[in-house]
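Chemist: Below, each chain spelled out in residue letters.
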Amino acid sequence: MISAFFIFNQKGEVLISRLYRTDFKRSIADVFRIQVVSNSDVRSPIITLGSTSFFHVRVNNLYVVCVTKTNANAALVFEFCYRFISIAKSYFGKVDEESVKNNFVLIYELIDEISDFGYPQNSEIDTLKSYITTESVISSAIVAEESSKITSQATGATSWRRGDVKYKKNEAFVDVVETVNLSMSAKGTVLRADVDGHIQMRAYLSGTPECKFGLNDKLVIDKNSQGSGASDAVELDDCRFHQCVRLNEFDTSRTISFIPPDGEFELMRYRSTSNVKLPLRVIPTVHEIGTSQVSYNVAVKANFGNKLSATNVILRIPTPLNTTSVDCKVANGKAKYVPAENVVIWKIPRIQGGQECTFSATADLTSTTTRQVWARPPIDVDFEVLMLTASGLIVRFLKVFEKSNYQSIKWVRYLTKASGSYQIRF
Amino acid sequence: MSTQQGQDAKFFQRGKIEEFRAELQAAEAKDKKYQKRKTVLKKIVANITMGNDMSPLFHDVIQCIGTPLLEVKKMVYLFLISYGRSKPDQIHLVIPSFLQVSSSNFSRMSDHSNVLKDCNDPNPLIRALAIRTMSYIPIPVVTESLSDQLRHCLKDRDPYVRKTAAICVAKVYTADPRKAERKGFVELLRDMLIDDNATVVANAVAALSEIGDRQDGVIFKLNLTIANRLLAALGESSEWGQIYILDSLLRYVPEHHSDAEMMAERVIVQLQHANSAVVLTSIKALLYLMNYMENRRLIDYICRKMGPPLVTLLSSGPEVQYVALRNILLIIQRRPTVLKNDVKAFFCKYNDPIYVKLAKLEIMYRLAREENAREVLAELEEYASEVDVDFVRKAVRSIGRLAIKVEPAADKCIESLLKLIETKVTYVVQEAVIVTKDIFRRYPGKYEGIIPTLCENLDALDEPEAKAAMVWILGQFADRIENVDELLDDLVYNFLDEPAEVQLALLTAVVKLFIYKAQSEVTKALVHKVLKWATEDIDNPDLRDRGFMYWRMLAMNPSVAAEIVLAEKPAITTDSDRMDRGALDQLLLHTGTLGSIYHKNPETFIRNAAGRELVDSPALNANSRAVLVSLTRPQLPSTAISVQGPGPIEPTRPSLQPDEAANKTPQPILVESTRSDERDLLDVEGDDGAGGDSGDGYPDGDDDVAVVKAADPYAELGGAFGGYTTDAPQPVKGGGSRSGDLDDLLF
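As given, the protein sequences belong to chains L and G, one line each in that order.
Using my numbering, the first residue of the first sequence is number 23, and each one after it goes up by one.
Using my numbering, the first residue of the second sequence is number 238, and each one after it goes up by one.
Pulled out of the complex, with its shape left as it was, chain L reads as follows (with noise of 0.2 Å):
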C-alpha cells in the first residue's frame, strides 16, 4: 500500500510530507523531485525505480504524490489521490501552493484520517467536515458523545450522511451535464461521437430522505434481450452511480435509489454513444496555397431548435507553426490570431438556434528551411447549450421519502457542452 505521501510545488519543494510506513526516509522525496519534476519530459504518471514506484497526478502547478514499496493497486492510488484533492477543493475553495501552506496543519490531520498506514479510509467530505475542522475543539467527555455520532456515522452503512440534517425548506437540485467528445474527419464523416454524462445533485433535504430517480434510459447490455422499447428511450451504454446508490436494486429492477449526501454530489455517470446529437456543424475549408499562405473558410451551424442557443462558443482554428500575421473577418463574434499558441481563437458569444456564422482568414508564413508538412491540428470547439441534452436524455421523475412526510421541491436543468474534445479536422 501507500508508504508516503507529497505534494510538491513547480519548483520540487515539499509542501506536504507524510510517511505512513518506516520503509522509506524522508529523502525518496529528492528521488522525484530529481525523476519527474524537473525532468521536463515525464511520459507517464507511474514512475518505478527498483522496487520503488512513484505515482503523480497533476492539479494546478502541484503534484500530488504518492510513494509505494508494493505491488500497490493503481486504480485506488490514483482514485485516492483525485479524492484528496477533492476533499482540499471542499475545505479550502481551490488546491494550490498558497492554498495548501495555508493550511498545511489541517492537511495533516486529513490525510492521517483519510489514509491510515497507507490504506485509504472514510473519506466522505460531508463526515469528515463534522470531525476535522479548524474550530478549536477541546477533549472532553461532552465531546464524546458527539464523537460516538460521528464514528458510527464513519463507520455506518451510510457514511455519507448525517442523520440530523435539518432544512426549512425542502429543495433539490439535478443538473444533467453532458458533455459531447466528437472527432470527425477532414471528409465531414463522423469518425466518434459520444456523449459523457454527469447527474449531479444538490440535495437540501431534512432528515433520512429515501429518494426515487428515473429517467428515459435503456441500458443497451441488458439482461432481457432488448425488447421494442418506448421509440424515446435512449440508450445508454454504460452508467456509474454514487456509492450512495444501491447496486443491486438498479441490478435487478433497474431503479435509481438512494439516500443522498447531504448538499452537491454527483449521483450518476453515463455513456452514450447512440443517436448522439451534434449541437454544432462545424464546416472547415482550409487551403495552403503555395508554401506562403494558408486560406480558411469555416462554417459554425447551430443544429438545434431556435428557441435554444449555444453561448461561450470558442474555436480554436490552428495554423502553421511558420505563421506571421493572420487576417481574420468574421461576421460574428471576434477572432484573434494567437502565436503563442500557433491558434486564431474565434469567439462567439451567442448561436441562436439555427443560425450559420461565417469565418473567413488567410494565414501569412514565412519561408523556412525545415522540410516538415503542417501536422494540421484538429480546431477545436467549446461550447455550452442550456437545456439540451445530445443524448436526448431526460429525467422522468425524482420522487422524495421521508418519514416526517414534507413537501420538496425539486429542479432539473439540463447543460450539454463540449471543452477540449469536440474536434474537427480539416
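Possibly wrong hints are sitting among the right ones.
[As the list claims (entries may be wrong)] So, partial list: chain L residues that the calculated Cβ filter (under 10 Å) puts toward chain G:
(1) D45
(2) A51
(3) G72
(4) T90
(5) R105
(6) T201
(7) K323
[Claimed, not checked] Just the calculated beta-carbon pair ranges, DEER-fashion:
(8) G:P807 to L:N83: 26 to 34 Å
(9) L:N83 to G:A263: 37 to 45 Å
(10) L:N82 to G:R415: 45 to 53 Å
(11) G:V626 to L:E120: 49 to 57 Å
(12) L:E120 to G:P645: 56 to 64 Å
(13) L:I56 to G:D727: 28 to 36 Å
Since the hints were derived computationally from the structure, they do not count as laboratory data.
All C-beta atoms in this analysis are idealised placements derived from N, C-alpha and C, irrespective of residue type, glycine included.
Using the hints, position chain G against chain L.
Modeler: Same frame as chain L, now just chain G:
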C-alpha cells in the same frame, strides 16, 4: 458547508531550534487557550515538512502532549511519528500519556494538568487516535506497552476504534511478526472478519491481506463461508473497503462451479460503481472466478457486462485512463469478446497525454479486424503526422502490423506506407522500412514492386534496426534489384564501424548476393572482403562464427549453401502477438496493480512482492489447468540485477521445462533466441515458432481454446510490435553494475 481558509503559509520559514525551544518554554506560562503553543508547533511542523531536523526539540515538544486542544495534540503526535523511532531512549516519557495506568478513572473528565490517558479516553476518536499514533512508532518499547491496549481496542464497543485497531495489527506485525503472532493478534484479526460492522471487516481484510502477502507471514485463505460473509459486507462498506474485500476474493478457491458462479453474480453489480478502483478490482475478481465456472452463458454474460464499464473508465482522469488501458490490453487478450466492437472508443484525442495515446494505439491494433480495418487505418494515418516522435513511430509500425494481421487491408496499408515514405521524415521512413520487411515475408511475391522506392531512401536510414531491415531486403531480393551490388558495396563501406545487428545483416545479404550472382567479379570481391572482415577483424563471436560457417559452406558445396541460405521461410503470422494463456491467467490475477501496468508478475520486479497463481481445484476449467503456471516464490537476489533487452526474467521457467518436455513433442527446431542480434541467423525468426491457430487473432471468438504453449510463456510480451518496446512502460532496474542496490543507496 462553507470553505475554511487558513493563514498558515507564514510558518514556512526556516527556524532555529533554540528559538523554538525558548518559545515553547515561554508558552508554558500565560497560555490559556494554548494559542502560543499552537503557533510554535505549527512552525515546527512546517520545518519538519521542509526537511529540517527538529528532533532536538523532542523533549520540549512532548511536554505539550497533555494539551487538551485537539489540534495541538495532533501536531505533537505528528512530531512523535516523525522522530519517535530515533529517540528510543526518550520515548518512554510519552508512553504513560498514551496509556491509562488503571482503568478506574475511566469516566473521569480529563485532568488538564495531568497527562492524558488517551487510550482509554471516553472519546472514541481520541482512543483511536492514540493507538493509531503509537502503532506508527515501531520500536519494541512502544509496541510492548501498546499490546494490552490494542487487544482491548480490537474489542472496543465503538466500530471506529475497532477499524483503527485492525490496521494497527498490520503495523505491529510489520514491526515484529513473530511477536504479533505470539500475542494472538492474528487470531483476533481473523475473528474480526465476522464483525457486524462492514468497515471493521474491510480493514481486517486489508490487514490480513498485507500479513498474508509477506513472505514470512501467515497464510491467508478464505473458505466459502467467510467469502460469503465478506460479500455480504460489500454493500455496506465504503468504496475503499469494497476494494479490500473484492481483492481478497482471490484468496478463495472455488471447489464447485456453482460457488464461483454465485459469487460472480454478486460481484457483477459493483461494475456500476463510480470509483474506478472498485470497477477494476471487481473485474479482477470476475476474471478470476471465470476460471472456475462452467456455465458458458454466464461467462458470456459477464464478458458482455465487463466491456462498458471498461470503456467508461476512459472518461476518468488521464492517470486512471492509463491504468485502465494497460489492463484492457491484457484483458482483451484473454477474453477477446470483451471489447470486440469498441475500437472507436480507443481512438486518440489530439490532446490526450502521450502515455494515454501510446497505450490506446496498442489496443487499437489488437481490436483491428477486417470490419473495422479501414477506420483504424484512417486513424493511424492521422497519427503518423503528429508531433511526438515515439507516437508517430508507433503509428507507422502499427500500419505495417495491421497489413500483416488483416489481409484484406494490406493493399491500403502499403499505399499508406508509401505515402509516408514520401514525406522523407527520417524516423517515419525508417519505421516504414522496418515494417515493410515483415510485410514482404507475410505476403511473398505480392509487394516487391515497391522495392525501388525503398532503395531511393537508403541514405535516410541511420538507425541499426532500419538499416538491418533494408539490408535484409536487399539480400533477399538481390536477384531483382539491378544495382544491388553497388548498393551493398556502398553499405559495407563502414562495415567495421556498424553495430552488430547491421553487420550480421550485411554478412548474410552479401552471401545471398553471391549465391544469386556467383559469376560476377564484383560480387566475388565483395563477399570475400566481408567474410574476411567478419572472421579476422571482428571480435564479436556470433559474427565470427557465422562468417566461418558461411565461408565453409560456400567453399565446400555452393549449391547446398544456396539451398540453406535461400531456404523457404515460414510465413509470418500474428499469432505470436497473443501472450501465452497460462501466463495471461497468472498476470490477470494482478489486474489493476503495478504488475498489470508493466505486464510483469510483481515478484519479478518488486523485492518481496507476493506472486499469485491460479490454484487447481475440481472446479478449475480444464483448459486453464492445462496451461497452469505454478508459482515458485523466487528469492530475488539481495541486489537488483539488470538484464538487457525487453524480455523479463521469468523465474518459473526452469521449473516448468522438464514436465513440458515430457508431455509435449518438441517444437520444430526453430531458433529460440533471446538476443535480438541473432535473429537473422538463417533468416528464421524466433517468434514464428509458437503459433498454431488459424490466422486471425480470435479462434472462434472463444477464449477457451487450447493454445499451443510457447516454451517461454512470456516470450511474446512485446510481440505485437515486433520487439519494439522502446516506449513500453518498464520499471527501471536499480543497481545494475553499480555495487550498491539503488534502494539501499537512496532510501
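Chemist: Against which earlier hints does the structure fall short, listed by number upward?
Modeler: 7, 8, 11 and 13
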